[in-house]
Amino acid sequence: MSTLLEARDICKHFGGVKALTDVSLTIRQGEIYGLIGPNGAGKTTFFNCLTGLYVPDGGGFLFDGQPLQADAPQKAAARGIARTFQNIRLFGQMSALENVMVGCHVRTRAGVIGAILRNPATRAEEAAILRRSEELLHYVGVADRAHDLARNLSYGDQRRLEIARALATEPKLLCLDEPAAGMNGAETEELKVLIEGIRRDGTTVLLIEHDMKLVMNLCDRLAVLDYGQKICEDVPTAVQKDRRVIEAYLGEVPEDA
Amino acid sequence: MKHPLLHWLLRLPRHTAFLAVVGSALLLALPFVAILGGQAWVRILDLAILYVFLALGLNIVVGFAGLLDLGYIAFYAVGAYTWALLASPHFGLHLPFWVILPTGALLACLFGVLLGAPTLRLRGDYLAIVTLGFGEIIRIFLNNLNAPVNITNGPQGITLIDPVKFGAFSLSGRTEVFGYTLMGPQKYYFLLLALCVLVVFINYRLQHSRIGRAWQAIREDEIAAKAVGINTRNMKLLAFAMGASFGGIAGGVYAAMQGFVSPESFSLMESIMILAMVVLGGMGHIPGVILGALLLAILPEALRFGVVPIQQALFGKVLADPESLRMLIFGLALVLVMRFKPQGLWPSPERQRELTEGKS
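Chains A and B, in that order, give the protein sequences.
Count along the first sequence from 1, then add 299; that gives the number in the working numbering.
Count along the second sequence from 1, then add 216; that gives the number in the working numbering.
Hints are computed from structural coordinates only; laboratory data are not their basis.
Be a bit skeptical, because a hint or two may be false.
[To be verified] Keeping only pairs whose Cα atoms sit at most 25 Å apart, straight-line, the calculated SDA-like set for lysine to any residue is: (1) K491(A) / Q385(A); (2) K540(A) / V329(B); (3) K540(A) / I439(B); (4) K471(A) / G314(A); (5) K374(A) / D437(B); (6) K471(A) / I439(B); (7) K557(B) / A377(A); (8) K374(A) / R339(B); (9) K374(A) / L411(B); (10) K374(A) / P334(B); (11) K471(A) / N447(B); (12) K471(A) / L336(B); (13) K557(B) / G391(A); (14) K374(A) / L453(B); (15) K317(A) / I439(B); (16) K374(A) / G428(B); (17) K374(A) / N450(B); (18) K471(A) / D437(B); (19) K471(A) / T448(B); (20) K471(A) / A377(A); (21) K374(A) / R408(A); (22) K374(A) / K381(B); (23) K374(A) / D447(A); (24) K374(A) / A333(B); (25) K374(A) / E436(B); (26) K540(A) / R339(B); (27) K374(A) / F357(B); (28) K381(B) / L361(B); (29) K512(A) / G455(A); (30) K557(B) / S394(A); (31) K512(A) / P535(A); (32) K557(B) / R450(A); (33) K491(A) / K512(A); (34) K374(A) / L338(B).
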């Protein structure tokens with residue numbers, strides 16, 4: 300399998316706090332890669348560096364064979380990196396369908412002149428946006444709420460709508476920041492099926508998640524962060540047995556235990 | 217073969233088509249009715265429509281993109297002075313309107329980008345303060361650019377500005393058409409109406425497009441908008457530039473219509489008035505903005521004509537002059553609207569729904 304993303308020695312600090320120290324990891328094409336760690340370990344900071352919300356203080360990303368200029372989120376999106384947010388960030392006063400249509404923005408071209416004249420090319424593009432957005436709503440399973448305002452959707456539906464919006468940017472790498480947070484068992488199960496489907500359809504997935512059952516069942520490989528450092532990168536079964544990971548989560552293990 | 221417009225009308229539901237036809241007939245007949253009360257009434261109509269045009273221009277910036285702009289009048293001033301300088305005895309230039317109007321729009325657009333570029337990172341109150349300052353700077357410049365080189369003629373303003381002319385056909389003065397005497401303000405009415413129809417059309421088309429959705433997304437959540445790949449910088453600049461261009465066009469027509477411009481016409485109060493039209497009517501909702509603009513443009517004139525006779529009839533003397541009453545009523549109206557209809561007098565259905573649901 301070829302490499303999709305290579306992070307090399309990513310550093311990020313906020314004043315005296317070292318949020319990330321020399322984090323390197325490699326994500327292969329077509330895998331589901333998990334990023335776990337205790338609270339405050341730097342997982343979301345890593346996401347923000349990758350998607351251009353933060354500029355790393357050191358190191359860099361190689362995405363799809365090309366260096367990633369991680370200084371503007373829209374550039375990352377144009378390159379094919381889409382994300383969702385830990386605290387859902389939908390366009391609340393727009394309908395679910397419109398939210399996904401906004402996601403199509405980066406892959407479409409119509410400008411002011413096209414918008415005003417509504418020439419055949421613009422109309423065709425607009426029709427394609429609508430069709431694709433409806434498909435995506437179906438895909439994530441919120442098609443029946445298409446015309447409701449995003450803010451009025453249930454929590455689980457909002458999470459899935461955010462995934463649909465991210466998918467509308469036609470990403471090569473989909474970054475999900477705690478997608479299962481606040482979901483019940485049944486919803487988490489549906490989410491698992493959805494993420495597996497996304498991978499099957501050819502999109503690589505990077506996942507931050509605290510639900511260990513989900514992570515261990517879903518991910519091909521995992522990286523564990525603790526205090527901004529990568530302490531382990533391996534397949535789930537190996538990570539579960541790793542001494543440093545257990546220490547990070549449960550505290551120091553006595554020698555004679 | 218049917219004309220496309222006719223085709224469109226026939227496709228509408230019957231009562232909508234009926235309303236459209238009756239509405240346009242009324243709009244076309246209005247200046248001929250208003251003239252019966254004197255030219256002053258037609259002039260009031262002209263100004264009201266000019267405000268509708270301005271408010272719809274500002275609606276692109278404030279309503280669609282959510283950028284609170286308190287210096288909008290500056291672009292209006294740029295357009296007005298462009299016309300005044302290029303078509304008056306002040307510099308001895310008398311260029312035709314099809315040169316000046318685009319120049320004015322372009323210059324205003326340039327100023328829009330100039331204002332937009334450094335304020336891209338600002339939001340809400342901070343943006344409002346910077347744009348407010350910008351509006352004042354332009355006005356003060358106009359006031360003082362009469363020395364060492366006299367460019368704007370300072371506080372005296374520029375007089376004897378050319379009217380809009382299509383070849384030999386001037387929009388000011390009288391014209392005989394089929395034995396009917398058309399007055400200047402009536403002719404301007406039709407020009408302004410045409411411009412207004414155009415700006416409504418452009419507003420509507422933009423709102424329901426890829427660009428309009430991107431603006432709305434930025435208004436809702438800028439970080440999320442960036443994350444889905446919207447170039448927020450360009451989109452905001454575009455909103456500023458488009459709003460400013462419309463301001464510039466309105467300014468040009470205003471200068472030509474009045475025949476006189478001075479910095480006094482472009483005070484902060486005017487900016488606030490136009491913003492109040494947008495907010496009072498219903499931000500981002502085109503019919504609402506039109507309603508707001510008409511109400512606030514007509515109110516002072518109605519007061520001027522109504523207050524004195526009413527007071528004389530009631531009390532036998534004038535207790536409060538119309539000008540002070542105007543600000544009183546304006547302030548009261550704003551407070552009442554903010555208290556009872558914070559979404560504006562005629563909000564878009566979605567916004568209405570959202571605010572009422574929030575209460576329950």
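So which of the earlier hints does this model not fit?
-> 2, 3, 4, 7, 9, 12, 22, 23, 26, 27, 28
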